[in-house]
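Participant: Read top to bottom, the protein sequences are chains L and Z.
By my numbering, the letter at position 125 of the first sequence is numbered 125, and the numbering carries on one by one without gaps.
By my numbering, the letter at position 2 of the second sequence is numbered 2, and the numbering carries on one by one without gaps.
What the hints contain is simulated information worked out from the structure, not anything from laboratory work.
A couple of the hints might just be wrong.
Unchecked claim - Some chain Z residues judged to face chain L by a derived CB distance under 10 Å, without partners named:
{"no.": "1", "residue": "His-64"}
{"no.": "2", "residue": "Leu-68"}
{"no.": "3", "residue": "Ile-75"}
{"no.": "4", "residue": "Ile-79"}
Glycine is no exception: its CB is placed at the ideal position from the N, C-alpha and C atoms.
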Amino acid sequence: MKRLLPQPGLSLLLIVMWLLLTNSLNLGQLLLGGLLGVAIPLLCRRFLLEVPPVRKPAKLVSFALLVLYDIVIANVHVARLVLGRRDRLRPAFVEVPIEIRDEFVLAVLSSVLSLTPGTVSAGLSPDHSRLLLHVLDLEDADDLVAQVKTRYEAPLLEIFECSPT
Amino acid sequence: MNIWIEIAVSALLLLGCSFALIGAIGLYRLPDFFTRLHGPTKATTLGVGSLIVASMLFFAGSEHRLSLHELLLAIFLFITAPVSAHMLARAALQQKVRLVERTRGQPREE
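If we strip away everything but chain Z, and leave its shape as in the complex, we get (with noise of 0.2 Å):
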């Protein structure tokens, strides 16, 4: 394979992780629920991301083929993130979880 791809691979490897890691990061660090929820839905797409676009490029290098399943991956997480993300907020909205108190523009009572 060749040098460059190899270097290409790696750096999108260490990217995705890295972002990866840092949405785990958010989940942890961030004050309360719903800022907790940008973690994964962020952080992680782009990190997922970067490991799918990392796998295509090592099997069109070693296998020399297309590999486009991956793409799939990408697609199924677009999908699926936003649409748990949005059930998880609303299921807190209603459950009325305690919010950082300087959130402004807290949604009114209903």
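Looking at chain L on its own, in the form it has when it is part of the complex (with noise of 0.2 Å):
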């Protein structure tokens, strides 16, 4: 069992992708999105990132929307910045330490940190332990900092089962 789904959670998304990609639910298409489900997970092994249990699944789901509300801000205020005078726009590189030591987490963090608050993940020192953001109208960097590990990595610390070192 374990040879042929080596990640259930993954065959299952599969699965639920492709009949909402067909936007049906007959037999037919179960079947071969089954089939998709697990060809899919075994021919791509060899690259697919280990991901950890989620320990708090109603975390998750209130960090989703915590998400999902800061992309809508986001979205308003790199709308105001592109509209607004171009020589007010103090863009700098910052670069925050990072305790998450799990590769699946860590690229979590870097795209909601894309999408979210005025900020563009740009790169990972080679041992992975700083996250180089670049910041299009950075105000105070401390902040910022302090915003990303309190807002973002805590709660993803916490829903997923990997140890802060």
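Starting from the two chains in their separate frames, assemble the complex, guided by the hints.
Facilitator: Listed below in structure tokens is the structure:
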């Protein structure tokens, strides 16, 4: 079973995605989706990241809602900056020390940071201990680092079972 | 179709288009490569998001069925936009693309 389905969660996700893509729920599509759900993880298992178990599902939902809300806020914020005066922008690079060690969770964190508060993740130090962010309009670097750590990193560490070092 | 649904759909379409346009304007107006990355990763996600909600509302209102495959668009966009932005930013850092002079905290030379 473990050999045939290395990641049952991913397989389930693929089936759901297939059903959404075809927008139907008949037996044929369900079987085809099931086939894809088994085949794709098997074919890609060499470069799939190990997904750590979710420890607090309720927290995951509230984190997702927080991120959605922040995406809306960030969009309005960036829209105002884009339409505002160009010479008032204060672009900057900021390095954020990262406690997350798990590669998958780190990928989630940097994606969330790119989608949310006026930052784009631009690089990772070779030892994965610092994440380089480009900020469109930076007020205070320490504030930003603190915000990233408390608002996004801490919940992620709590949700996924991975020990901070 | 209910008039209120029509109004909501139109408002969402207009909102989505405006944000997509703002993202494009950002790509044109912002001063350097890295600041330009912010337009497509942010403003367009909300733009496409509004269009997706509008489409779901429209099909729910006109054909009385739940249309969910728009959600896939949102998922794919939310996965691909940050990844591509990250790759572009890394490539630009290695190429030492010109930055606006007032950019603070320039990354150290490696």
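Participant: Measuring from the C-beta of Leu-68(Z) to each C-beta in chain L, is the shortest one below 10 Å?
Facilitator: 5 Å, holds
Participant: The hint names His-64(Z) as touching chain L; please verify it with the least Cβ-Cβ distance against 10 Å.
Facilitator: The hint is violated - His-64(Z) has no Cβ within 10 Å of chain L, the shortest such distance being about 15 Å.
Participant: May I ask you to test the interface hint for Ile-75(Z) with respect to chain L, counting a Cβ-Cβ separation under 10 Å as satisfied?
Facilitator: 8 Å, holds
Participant: Regarding the hint that Ile-79(Z) lies at the interface with chain L, is the smallest CB-CB distance below 10 Å?
Facilitator: 7 Å, holds
The structure is inconsistent with hint 1 alone, although it conforms to all the rest.
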